[in-house]
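Chains A and G supply the protein sequences, listed in that same order.
Position 383 of the first sequence, counting from 1, maps to 383 under the working numbering, and the rest follow consecutively.
Position 79 of the second sequence, counting from 1, maps to 79 under the working numbering, and the rest follow consecutively.
These are computed hints drawn from the structure, not numbers from a lab.
The C-beta atom is built at its ideal place from N, Cα and C for all residues, glycine as well.
Hints should not be assumed to be uniformly reliable.
Covered stretches of chain G (chain A as the covering partner; in silico rule of three or more C-beta atoms under 8 angstroms from a C-beta of chain A) [stated by the list, open to error]:
#: 1; stretch: 26 to 34
#: 2; stretch: 47 to 57
#: 3; stretch: 64 to 72
#: 4; stretch: 112 to 123
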Amino acid sequence: MKLRLLLSISKTHLLSRKKQSITAAMGVMFGIGTYVIMMGFMNGLNGLLDGLILNRTPHVRLYNEVAPSQNQPVDLYKVYDNKVRFVHSIKPKKVQAKIHNALPLIDYLNRQRSVLGVTPQVKVQSFYLGGSTQLNGLLIGADVLKEKEFYNLADYIVQGAVEDLARTEKGILLGAGVAKKLALKVGDYVQVTTKSGEIQTLKIVGFFQSGMADVDNVQSYVNLKMAQHIFGQSRDYITDINVKLIDIADAPEIAKSLSKKFGVTATDIQTANAQFETGSTIRTLISYAVSITLLIVAGFGIYNILNMMIFEKMNDIAILKATGFSGSDVQWIFMSQALIIGLVGGLAGLSLGYGVSVLIDSTPFETAALPTIKTYPIDYNIKYYFIGVTFAMISTFLAGWFPSRKAKKIDPVDIIRGQ
Amino acid sequence: METILEAKGISKFFHIPEEIQVLDNVSFSMKKGEFVSIMGKSGCGKSTLLYVLSTMDSDYSGELYIDRKLITGQTPNQLAHIRNANIGFVFQFHYLLPEFTVLENVVLPAKKLGLKTYEEIEFDAMEKLKLLGISDQALKLSSRISGGQKQRVAIARALINHPSIIMGDEPTGNLDSRNANVVFDIFKELSSEKNLSLLVVTHDEDFAKRTDRIIQMGDGKIIS
Ligand SMILES: Nc1ncnc2c1ncn2[C@@H]1O[C@H](COP(=O)(O)OP(=O)(O)OP(=O)(O)O)[C@@H](O)[C@H]1O
Ligand SMILES: [Mg+2]
Numbered sequence: 001m002k003l004r005l006l007l008s009i010s011k012t013h014l015l016s017r018k019k020q021s022i023t024a025a026m027g028v029m030f031g032i033g034t035y036v037i038m039m040g041f042m043n044g045l046n047g048l049l050d051g052l053i054l055n056r057t058p059h060v061r062l063y064n065e066v067a068p069s070q071n072q073p074v075d076l077y078k079v080y081d082n083k084v085r086f087v088h089s090i091k092p093k094k095v096q097a098k099i100h101n102a103l104p105l106i107d108y109l110n111r112q113r114s115v116l117g118v119t120p121q122v123k124v125q126s127f128y129l130g131g132s133t134q135l136n137g138l139l140i141g142a143d144v145l146k147e148k149e150f151y152n153l154a155d156y157i158v159q160g161a162v163e164d165l166a167r168t169e170k171g172i173l174l175g176a177g178v179a180k181k182l183a184l185k186v187g188d189y190v191q192v193t194t195k196s197g198e199i200q201t202l203k204i205v206g207f208f209q210s211g212m213a214d215v216d217n218v219q220s221y222v223n224l225k226m227a228q229h230i231f232g233q234s235r236d237y238i239t240d241i242n243v244k245l246i247d248i249a250d251a252p253e254i255a256k257s258l259s260k261k262f263g264v265t266a267t268d269i270q271t272a273n274a275q276f277e278t279g280s281t282i283r284t285l286i287s288y289a290v291s292i293t294l295l296i297v298a299g300f301g302i303y304n305i306l307n308m309m310i311f312e313k314m315n316d317i318a319i320l321k322a323t324g325f326s327g328s329d330v331q332w333i334f335m336s337q338a339l340i341i342g343l344v345g346g347l348a349g350l351s352l353g354y355g356v357s358v359l360i361d362s363t364p365f366e367t368a369a370l371p372t373i374k375t376y377p378i379d380y381n382i383k384y385y386f387i388g389v390t391f392a393m394i395s396t397f398l399a400g401w402f403p404s405r406k407a408k409k410i411d412p413v414d415i416i417r418g419q
Numbered sequence: 001m002e003t004i005l006e007a008k009g010i011s012k013f014f015h016i017p018e019e020i021q022v023l024d025n026v027s028f029s030m031k032k033g034e035f036v037s038i039m040g041k042s043g044c045g046k047s048t049l050l051y052v053l054s055t056m057d058s059d060y061s062g063e064l065y066i067d068r069k070l071i072t073g074q075t076p077n078q079l080a081h082i083r084n085a086n087i088g089f090v091f092q093f094h095y096l097l098p099e100f101t102v103l104e105n106v107v108l109p110a111k112k113l114g115l116k117t118y119e120e121i122e123f124d125a126m127e128k129l130k131l132l133g134i135s136d137q138a139l140k141l142s143s144r145i146s147g148g149q150k151q152r153v154a155i156a157r158a159l160i161n162h163p164s165i166i167m168g169d170e171p172t173g174n175l176d177s178r179n180a181n182v183v184f185d186i187f188k189e190l191s192s193e194k195n196l197s198l199l200v201v202t203h204d205e206d207f208a209k210r211t212d213r214i215i216q217m218g219d220g221k222i223i224s
């Protein structure tokens, strides 16, 4: 009852000076709109850039690294324990690329609760034969359906499909750079050979383009079995095990424990891509800084307009108080005007933000790095819309608070005498 | 006859720009249904007294009773409620909310009081406007009517909550003699027919003579 009365008074105030009210609401609208656009666009870009690396990188990668042995024979000799030992010209130990006991290890990983998916790979150094030239290459034998599921392989296929390779035993998904150099089309055959000299003819089922020339110029995908076959090895020949975790934050710890437990090299994604995290954080920070600045500007706009309005409405305030409205009634009349401006401006800002996001989203954006992306990326996360309205309400609340406190304190006698 | 308003030893000082005493131990009382006028030289403290009596100014010493209840010392919110429910105020300048219609101006204090539904309140307000002969102006913006009409709207607003007392600070001071007479007749009628208590500050000798009693003030004191 009381609120309804106060609201009807503030409505009349707002409507009787439409221009001012609209100006104030527009200030909020632009602040919130920009926030939504900035967040959507920045996070869309972040997601895209993350996708470039993070989404196609395993959280933990297990392989055997070629490195000098940590323990030299002299260490075993207790007599020299307290002596300074010099060992010259250490050479790396000969290590097999093959992961020892790979199949039981994969089983073990699959049973872990923190693990989302395990994909074994066989990496084979090879050459592509094109007429008289040999092109350096790297064949990755993989379960491509799983690669698609966990590492978005399909996003980088520019011709053909992942499923085509899964269906074709002797198929190959050729790197776009390789295909260009050798002038090959989908459906053509290409010969590959390994160091040991065995030649294999494979049918090209598609091209993939990762956007990194170094990769696209050498790398190709074949089926896991095919890779093992080219190498003349059996099913348990696995060179890499890629693990995707449920929570990426667990990666360093899990990598450490796997490395200890199974004697393999394990690298986690954080160590491998440390610079990435920093980039995203800074971009988010910038977008917050810009939006908050805009909101503060909008807040000052509202503050000014309300101050002016209260100055113009001195008589009204005196009359209301003389006829029995309390100080807090008067305060809420002006407070509610600020909040209405905030809400209307905020909602208009969300619509503006959404509208411009849709526009950006349909603006063409071609990049070699991401063949499947055709327009600018936008993140439509509802979170930003919630935060936007909340921001609008908080900033207009603060902007309205001080002028309306002043209105509350106005002494009607001063005003009535002043006439 | 019961007492509607009583002032006991009310004094008031202004400190700025210099220490001056504007009200000096003012005591008087008013009976229900009385029509009292206050006269006195300019600057003798009439308005100041009226602001104290109307509870708008609480910075004074002494005691004020309305309806035999002690008003002095109540909180600002309680005072606002007393003004809302028990006191109708008519100013020299008409003091309406310019962006609201005549009807809205009249109904606001009643909606604030909240004792009746909006329909009942609007019906009451139309009755008051009819009584004052301006019901045809009800839906006009209050800034779009004449000075005499505005003063009658202010009276209708003062009447809407059936207050114990109506106070006016030179309510006819800003009107021509014809309109002043209209307003006086309305007051007189309210006093005699509705048994309403009225306390009106005026400079108009003729006006004052026709009231039940004249309080003469001089230099912050009641002379007679
Ligand atoms: N806010 C104030 N600060 C200081 N002195 C004031 C203030 N308001 C009024 N006064 C002084 O108090 C005295 C009484 O003023 P008041 O307005 O009550 O006079 P009044 O009798 O109503 O005069 P008038 O007939 O001209 O309306 C005057 O001398 C005036 O100068
Ligand atoms: Mg005066």
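Compare the structure with the hints numbered earlier in the document and write down the numbers of the violated ones, lowest to highest.
Hints 1 and 3 are the ones this structure does not satisfy, whereas the remaining hints hold.
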